[in-house]
Amino acid sequence: MRYVMAVLLALSLSIPAFAGFEGPGTAQGGFDGPGLQRVTQAAQVRQARDDAPCTLEGFIVERIGKEKYTFEDASGRVTVEIDDRVFGGARVTPRTRVRLVGEVEDEDFAPNKVDVRYLEVLN
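Those letters in the sequence shown? Residues 380 to 502, per the working numbering, in order.
In case anyone wonders, no lab produced these hints; they're calculated from the structure. For each residue, glycine too, the CB sits at the ideal point set by N, CA and C. It is possible that some hints are incorrect.
What the hints assert, rightly or not - Simulated restraints, written as ranges between beta carbons of each label pair:
hint: 1; residue 1: V440; residue 2: D463; range: 12 to 20 Å
hint: 2; residue 1: V500; residue 2: P432; range: 14 to 22 Å
hint: 3; residue 1: A385; residue 2: G467; range: 14 to 22 Å
hint: 4; residue 1: G467; residue 2: S391; range: 24 to 32 Å
hint: 5; residue 1: V440; residue 2: E486; range: 53 to 61 Å
hint: 6; residue 1: L388; residue 2: T434; range: 51 to 59 Å
Kindly generate the complete structure, drawing on both the sequences and the hints.
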């Protein structure tokens, strides 16, 4: 009986040690507040800041260079840069609706473009 009581006492005293304390000085994440606004339309890319997160839905309408394409949605057109590996074997035509996820690249002497990190075929 003593042995059982000792084990139960030890367990009951150690359980609070496994509880997670949340209070001042225990933040695990990064900044939580206002910051760069996510760009969701081609027209917004022109005024967006460098490295602004970007998610666009629309169509890749033409290839204009090595890994450079023209993307179009209801708001307008913008140049996007898509590495061949990002396509992942997907076949995309001007009628294929896609979602592009990446970030805005601020060009010094040219309009901003989007550096695409992820491409998803929607239809």
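Tested hints:
1. The hint said 12 to 20 Å for the Cβ distance between V440 and D463, and at roughly 18 Å that hint holds.
2. In this structure the supplied range 14 to 22 Å holds for V500 paired with P432, their Cβ-Cβ distance being about 21 Å.
3. Taking 14 to 22 Å as the suggested C-beta distance range, the pair A385 and G467 does not conform, at roughly 60 Å.
4. For G467 and S391, the hinted distance range of 24 to 32 Å is not satisfied, since their beta carbons lie about 54 Å from each other.
5. The hinted window of 53 to 61 Å between V440 and E486 is violated, with their beta carbons roughly 20 Å apart.
6. Here the CB-CB span from L388 to T434 is close to 55 Å, well matched to the stated 51 to 59 Å.
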